[in-house]
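Protein chains in written order, with the working numbering: chain A, 1 to 436; chain B, 1 to 436; chain C, 1 to 436; chain D, 1 to 436.
Incorrect hints may appear among the rest.
Same chains, same label: a pair holds when it works inside one copy or across any pair of copies.
Here are the simulated BS3-like cross-link-like pairs (lysine-lysine), alpha carbons at most 25 Å apart as the crow flies [unchecked claim]:
#	residue 1	residue 2
1	K243	K87
2	K13	K83
3	K87	K13
4	K83	K412
5	K249	K87
6	K412	K249
7	K258	K13
8	K412	K243
By construction, these hints were calculated from the structure, which means they are not laboratory data.
4 protein chains.
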Amino acid sequence: MVISVIQPDDLRKVAWDVLVSVCVVLAVIIAPLTIALRLELTGPLLVADTVLNLVFFADILIHFNTGYVTRRRLVTDRALIRKQYLKGLFWADALATLPLFIPAGSTLVGLTRFARFARLARLFKIFVVFRNLNRLHQTTVSSNLVRLLIMVFWLLMTAHLIACGMIMAGGVPEGLPPGLRFLQAYYWTITTVATVGYGDIVPDHSNALQLVFTIVAQLIGVAMYGYVIGNISSVISNLDTSKTSFMEKLERINTFMKYREVPDKVIRRVNDYYFYLWDTRHGYDETSTVAELPRSIRLELLQAIHRDVIRAVPLFRDANPALLRDVMLNLESVAYVPGDEVIHRGDTGTEMYFISRGSVDVLAADEETVLATLTEGAFFGEIALLEETQRNATIRTRDYCDLYALNRAVFKEILARHPSFAATVREIALQRGRRG
Amino acid sequence: MVISVIQPDDLRKVAWDVLVSVCVVLAVIIAPLTIALRLELTGPLLVADTVLNLVFFADILIHFNTGYVTRRRLVTDRALIRKQYLKGLFWADALATLPLFIPAGSTLVGLTRFARFARLARLFKIFVVFRNLNRLHQTTVSSNLVRLLIMVFWLLMTAHLIACGMIMAGGVPEGLPPGLRFLQAYYWTITTVATVGYGDIVPDHSNALQLVFTIVAQLIGVAMYGYVIGNISSVISNLDTSKTSFMEKLERINTFMKYREVPDKVIRRVNDYYFYLWDTRHGYDETSTVAELPRSIRLELLQAIHRDVIRAVPLFRDANPALLRDVMLNLESVAYVPGDEVIHRGDTGTEMYFISRGSVDVLAADEETVLATLTEGAFFGEIALLEETQRNATIRTRDYCDLYALNRAVFKEILARHPSFAATVREIALQRGRRG
Amino acid sequence: MVISVIQPDDLRKVAWDVLVSVCVVLAVIIAPLTIALRLELTGPLLVADTVLNLVFFADILIHFNTGYVTRRRLVTDRALIRKQYLKGLFWADALATLPLFIPAGSTLVGLTRFARFARLARLFKIFVVFRNLNRLHQTTVSSNLVRLLIMVFWLLMTAHLIACGMIMAGGVPEGLPPGLRFLQAYYWTITTVATVGYGDIVPDHSNALQLVFTIVAQLIGVAMYGYVIGNISSVISNLDTSKTSFMEKLERINTFMKYREVPDKVIRRVNDYYFYLWDTRHGYDETSTVAELPRSIRLELLQAIHRDVIRAVPLFRDANPALLRDVMLNLESVAYVPGDEVIHRGDTGTEMYFISRGSVDVLAADEETVLATLTEGAFFGEIALLEETQRNATIRTRDYCDLYALNRAVFKEILARHPSFAATVREIALQRGRRG
Amino acid sequence: MVISVIQPDDLRKVAWDVLVSVCVVLAVIIAPLTIALRLELTGPLLVADTVLNLVFFADILIHFNTGYVTRRRLVTDRALIRKQYLKGLFWADALATLPLFIPAGSTLVGLTRFARFARLARLFKIFVVFRNLNRLHQTTVSSNLVRLLIMVFWLLMTAHLIACGMIMAGGVPEGLPPGLRFLQAYYWTITTVATVGYGDIVPDHSNALQLVFTIVAQLIGVAMYGYVIGNISSVISNLDTSKTSFMEKLERINTFMKYREVPDKVIRRVNDYYFYLWDTRHGYDETSTVAELPRSIRLELLQAIHRDVIRAVPLFRDANPALLRDVMLNLESVAYVPGDEVIHRGDTGTEMYFISRGSVDVLAADEETVLATLTEGAFFGEIALLEETQRNATIRTRDYCDLYALNRAVFKEILARHPSFAATVREIALQRGRRG
């Protein structure tokens with residue numbers, strides 16, 4: 001095969017697509033303009049026309065040689081490519097090259113009017129822009145901005161067509177330079193479509209065509225207005241989604257606390273907790289967010305997060321990788337505000353904790369004296385997990401803390417699967433005395 | 001019974017309903033027009049009037065002979081049909097046939113004015129259109145488009161009535177041909193209702209009737225505008241539902257990864273996974289989607305999907321249908337991106353996998369050498385399910401993969417229920433050596 | 001106590017509240033009007049003014065003698081009522097009765113202007129209307145309509161105040177009859193606020209007051225427009241909630257089926273199932289809907305529904321009420337479309353079924369011959385629940401069916417709690433032979 | 001260090017920020033105004049200009065000495081502060097102080113025009129206002145009002161800039177006093193942007209600049225309109241969130257009850273129940289609301305709520321705190337309407353109840369005679385939990401009740417962990433005879 005099939009995501013192909021899109025937009029602007037203002041196809045306009053003809057023709061050839069992607073797989077078989085193209089955009093593309101065969105020179109043989117209208121066939125090519133913009137909208141993450149830009153683009157194009165139509169309907173005074181005539185028509189269109197309606201340019205009341213055209217333009221204006229407002233509303237509410245669901249949660253707990261006449265101090269702590277969640281993670285619950293991922297990606301993600309925490313724990317230094325994976329898949333994230341009691345002396349323990357962020361105090365029996373302060377990478381509460389005893393010290397946060405909890409049921413299961421590790425844990429626990 | 005009861009979904013009946021609807025629309029357009037423009041009921045108008053009379057009368061007769069559906073059951077008992085009709089639309093229908101009894105000839109005996117107004121009774125028939133459009137909206141899947149079309153229809157009808165009202169209130173100059181007068185009135189209505197308000201046609205400031213009429217028209221305009229925008233917003237947000245909830249999921253996981261300072265490589269893989277889900281199934285989770293269906297339909301659906309997968313597995317070739325049903329009801333769909341490790345050498349296995357789409361590599365102990373490549377229809381991981389041992393090979397995806405997982409707990413239950421199948425599985429596992 | 005405390009929900013009190021609200025609306029309409037148009041307080045206006053004075057004064061007295069409800073409990077203690085009223089609406093009410101002490105006769109002593117403005121104090125009474133409308137909105141189920149009506153009411157009131165303001169600012173030509181002047185001002189207000197803006201009445205460009213007033217009116221217009229559209233959008237999306245969530249479910253399952261290339265026949269059946277759910281219960285799942293209720297109300301509700309079904313089953317005829325309650329609390333609703341196989345010969349049974357609506361066929365071994373047809377009130381599938389055997393017949397629906405399923409685990413638990421009932425079931429099962 | 005670092009939440013710093021914001025707003029209003037109206041920088045304007053210069057310069061100095069908060073931690077290291085500021089707002093701040101170096105006196109050396117335009121550099125400082133407003137929006141709970149105020153602020157600022165632009169484009173007649181010229185321009189802007197468009201001031205049709213400027217202003221108007229409506233819609237739907245989800249729940253249960261033909265009496269009771277939930281807790285479920293909190297805060301909250309209830313129960317008077325915590329964490333909130341049967345004679349009991357609000361009757365075997373009435377702080381139903389027996393009395397609510405239920409499974413677990421408490425419970429149960 002002399003020419004190999006072009007990859008659709010080849011950068012040169014993407015650049016070409018951008019070029020074609022620009023040409024289409026130009027064609028869509030120029031074609032109705034030449035008709036409405038009865039411009040002669042000479043000079044720069046003739047050059048532009050010829051360039052557009054060539055670009056559109058080349059685009060068809062290139063299309064027949066470009067692979068396409070279906071369900072994330074690239075198809076490079078020429079027969080399939082041809083089939084796909086012929087039952088799709090080919091016809092719009094072909095129609096758009098029609099002016100090629102009625103060359104500008106046809107003005108010499110009296111085909112002026114027809115040649116001009118034939119250029120309207122290029123409007124079909126707008127589908128290409130439509131498809132490209134759609135693709136852009138689908139693949140970008142910051143889709144809200146893209147969406148608004150696409151919307152503005154379509155509005156301006158539609159207004160352009162309406163303006164050209166108004167000129168053709170005779171709604172703009174003749175005898176002015178073409179540029180000003182078009183500007184006045186565009187001005188009238190925006191004034192109408194934006195429902196401002198100054199009334200300085202109005203249709204001739206005895207001209208049915210102009211009246212009907214104005215009615216249609218106004219209806220299009222209403223639809224465009226609805227479309228603009230619908231889109232902006234939708235973007236605003238998208239921007240707000242996480243904030244809204246967070247505020248609703250907050251309102252719910254506050255309604256509840258107000259109904260139950262909870263003291264102000266507690267209300268303030270609960271709100272503080274929620275605002276901490278909002279500040280640091282937009283109110284999302286980590287554990288459930290991660291739970292949606294399939295096991296292998298979840299593991300990769302958790303390894304990236306927990307590697308440092310786990311490495312800092314002496315306990316896990318010699319553990320084998322399979323055990324570490326088991327532990328990481330089962331850690332649960334919990335957030336605390338300053339002054340919270342993570343562990344209560346005398347309670348029956350059900351969890352051990354790793355400190356991911358922040359610091360905690362180990363308190364003596366008087367619940368006042370600080371015996372020790374543990375910081376990031378430390379762990380506590382493991383003894384009560386080995387035997388079912390009561391916590392023998394209270395642990396209180398000094399700071400906003402992100403802890404990871406390891407539940408007893410899960411912990412036991414893991415120890416059972418890895419007997420050597422169980423021995424290590426027991427040993428270290430004995431060395432540390434009877435804290436936590 | 002000479003005439004049998006007509007089925008409501010008989011195609012001829014549906015065609016008749018469409019015809020009646022068209023006639024109603026015509027009647028609603030013509031009736032106020034003749035009054036506002038004081039047209040004589042002669043020539044084509046007289047013919048149209050007579051046809052409408054006959055059609056509406058025939059519709060009442062047909063109604064008494066058409067069954068109706070309540071709670072998905074057809075009622076064909078004439079007594080019930082009569083009862084249902086008499087307590088429903090009959091009265092609107094009957095009123096609409098009133099002009100029949102004040103025939104067009106009444107103009108001869110000086111009843112002109114009354115006869116004209118009596119035609120307004122036909123507006124009641126609009127309920128039929130309302131009901132039919134509603135039915136259309138309820139039963140179509142692409143309800144958004146239908147909804148917008150219905151909205152446009154009501155807007156144009158309302159504008160028509162306002163335009164006729166404006167002519168009657170004397171807001172449009174007399175002495176013009178009736179067509180142009182109506183067009184000007186309609187033009188004024190749209191200009192007002194669309195809130196454009198050029199101000200080229202305004203009410204007479206000393207005419208209280210015209211001022212009040214204009215105020216009412218403007219208020220209707222505001223309501224219509226709100227209705228249009230509300231509908232378009234709602235349609236836009238409906239179109240967006242699945243995309244929005246997908247983007248929110250993505251934002252959530254990305255917020256989390258940013259907060260936890262996850263390395264870029266992992267971030268890219270997680271995003272790639274989500275975009276694969278979006279491209280292939282709009283972000284929906286298959287398992288929970290199917291879980292909503294009742295058992296029998298779920299089974300039918302799963303059989304349609306899994307038949308090929310199951311047939312390709314040698315293991316299930318001789319299994320009895322009851323066993324296959326049990327297996328199919330318990331498969332869980334999981335998606336993987338290229339390079340994921342589905343199974344990790346050394347982990348304790350809890351699932352076996354069927355490949356529905358894509359291909360995976362079986363890796364040697366060095367985690368590099370590819371021992372074998374499995375493709376669609378293959379299965380792996382079954383040994384670890386028979387005995388609780390560790391995985392003896394790592395399986396890594398080559399491609400975007402859709403796998404079906406069969407959980408050990410479920411697997412054991414099924415084997416217990418089908419002892420012959422348990423034997424087959426064990427045998428094949430031995431033949432394959434100790435892979436997977 | 002001579003006068004007993006009035007109940008707030010006493011019908012006479014409600015009627016009085018309605019009367020007061022009407023008077024307030026009248027006062028709010030009349031007060032600014034008399035000022036703007038400089039009307040003399042004579043004739044009917046004087047009568048109206050006196051009546052308003054008396055009604056507002058009486059309202060204060062009545063208020064001090066009306067109990068109030070807080071957290072669904074009626075408070076009738078006069079001291080508490082006084083306290084509640086004095087820290088609430090009393091001040092607005094008191095201010096509104098101010099004109100009482102500047103009687104209309106004050107015009108004689110040159111207080112005309114002040115007396116007129118004092119009447120504006122009655123605008124404070126609008127809070128009463130606000131509170132009453134709010135209460136109406138809270139307690140009605142069809143709150144969407146009420147909400148729109150309340151919105152229209154506020155809009156018209158606001159427009160009235162703007163119109164009066166415009167007259168005072170001199171924006172309407174003098175020398176016309178007062179009625180027409182007001183109408184023109186109201187016409188200008190609506191034209192402006194509805195953003196129509198004909199431009200036939202505009203502020204004097206050299207009059208700063210009129211310019212500023214117009215700017216403010218336009219901004220109020222924008223806010224009102226936003227408020228109208230926001231409300232209508234919200235109402236439309238409320239009306240749509242259940243339909244939207246249903247359509248989304250449908251889209252999800254159809255996306256899935258398209259991706260998995262499920263045959264058309266199955267697609268049609270699945271859609272048929274969902275439309276049946278929509279037609280009969282708006283797509284809601286009965287079991288989860290009822291699960292939200294507390295036990296006692298749930299029981300009452302389920303008894304109302306299942307009494308007939310349960311009575312029709314011979315099995316339960318002699319069962320004691322406690323057992324029936326246990327059974328009813330544990331039935332699960334399932335819907336089937338025609339042709340579904342509820343039970344499959346050879347499967348291991350896990351549920352028995354009661355037919356609530358529709359009919360099913362019991363099929364012979366050839367899966368064709370109909371052995372029997374069971375209809376509403378019948379039950380089947382109970383044998384497989386007693387012993388863990390396979391189903392010995394296939395049961396296929398003839399019709400759209402609503403069945404209630406009783407799960408084996410639950411069934412066994414109930415039987416254990418009621419040994420006498422267990423015996424009855426076993427006996428009947430033997431009589432019926434080995435069907436189900 | 002001579003000057004210590006300023007705390008960002010120091011009240012004096014906050015006051016300074018407010019002052020700076022006000023100065024920025026002044027600068028943004030004055031700068032374009034002086035250019036558009038070609039005002040001389042003399043008198044009060046010169047004073048204002050100098051003050052602004054000084055404030056902006058001081059702000060930069062202060063910025064270099066103010067700590068900042070990142071992830072809820074205060075950074076006070078000067079090097080980090082400098083780095084943070086230099087890569088952020090410093091450049092906008094620096095540009096805004098540019099006019100400082102082109103002093104007002106430059107008018108003497110012919111730099112008038114440049115000096116005037118240089119003042120536009122102050123527009124950059126608007127970022128400060130943007131950031132401050134954003135911070136305000138983030139941290140306030142009543143964010144809806146703040147949001148609307150911020151919106152109005154931006155709209156008025158934008159309109160101000162457009163008005164100044166229109167004056168510069170020559171769209172307002174010259175030769176009027178500057179104040180009136182600006183007012184007319186602002187009037188035109190609002191008329192255009194609010195899409196009212198009276199048409200009393202329109203651009204010169206032969207002036208391309210004015211036409212283009214008007215088109216741009218109208219497009220900005222459409223965008224602003226969309227922004228206003230989008231925001232108002234969003235605020236309205238936020239206000240409505242809890243009501244909407246409540247109404248949907250209500251609609252769901254009512255649809256279900258209508259389909260199942262539930263008697264009116266039951267329908268009324270179910271609705272009464274839901275309205276009670278709405279009145280007292282906006283339809284939220286307490287248990288799930290609290291479940292989202294981490295253990296330590298949940299405990300604090302539950303202690304605040306249940307302390308009184310628990311203290312009122314004789315049973316718990318001598319219990320140790322660890323046990324009380326266990327009990328409190330496991331109580332479940334249930335609401336009842338008057339006449340509900342909380343416990344049914346003969347049922348197998350699974351829960352004991354504490355009365356938090358309301359009162360219940362203990363009924364004799366005839367289900368009529370009231371044996372006793374229990375009120376707030378009482379408990380019942382504990383016997384059936386100790387042994388698996390049937391309830392020996394029916395308990396019916398007199399009133400709207402909030403009860404807390406303690407499930408048997410949980411109850412047993414707690415008793416097992418606290419043997420001394422188990423003995424107390426058994427003892428009290430015996431004393432009370434065989435009630436409940």
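Exercise for review: With 25 Å as the alpha-carbon cut-off, assign the pair K243 and K87 to within, between, both or neither.
Suggested key: neither (45 Å within a copy, 28 Å between copies)
**Study point:** Intra- versus inter-copy proximity for K13 and K258 (alpha-carbon distance at most 25 Å)
**Key:** For K258 and K13, neither the intra-copy (62 Å) nor the inter-copy (31 Å) Cα distance is at most 25 Å.
**Study point:** Intra- versus inter-copy proximity for K243 and K412 (alpha-carbon distance at most 25 Å)
**Key:** Classified as neither; 39 Å inside a copy, 42 Å across copies.
Exercise for review: If the cutoff is 25 Å on CA atoms, where do K83 and K412 land: within, between, both or neither? Let me know, please.
Suggested key: neither (61 Å within a copy, 49 Å between copies)
Review point. For the identical chains here, do K412 and K249 meet the 25 Å Cα criterion within one copy, between copies, both, or neither?
Key: Result: close neither inside a copy nor across copies, 35 Å intra and 33 Å inter.
Check your understanding: How would you label the pair K13, K83 (within, between, both, or neither) given a Cα cut-off of 25 Å?
Key -> Answer is within: at 20 Å inside a copy they meet the 25 Å cutoff, but 42 Å across does not.
Review point. Between the shortest in-copy and the shortest cross-copy C-alpha distance, which are at most 25 Å for K87 and K13: within, between, both, or neither?
Key: within (21 Å within a copy, 37 Å between copies)
Review point. Is the C-alpha distance from K249 to K87 at most 25 Å within one copy, between copies, in both cases, or in neither?
Key: neither (51 Å within a copy, 31 Å between copies)
Checked against the numbered hints above, the structure breaks hints 1, 4, 5, 6, 7, 8 and satisfies the rest.
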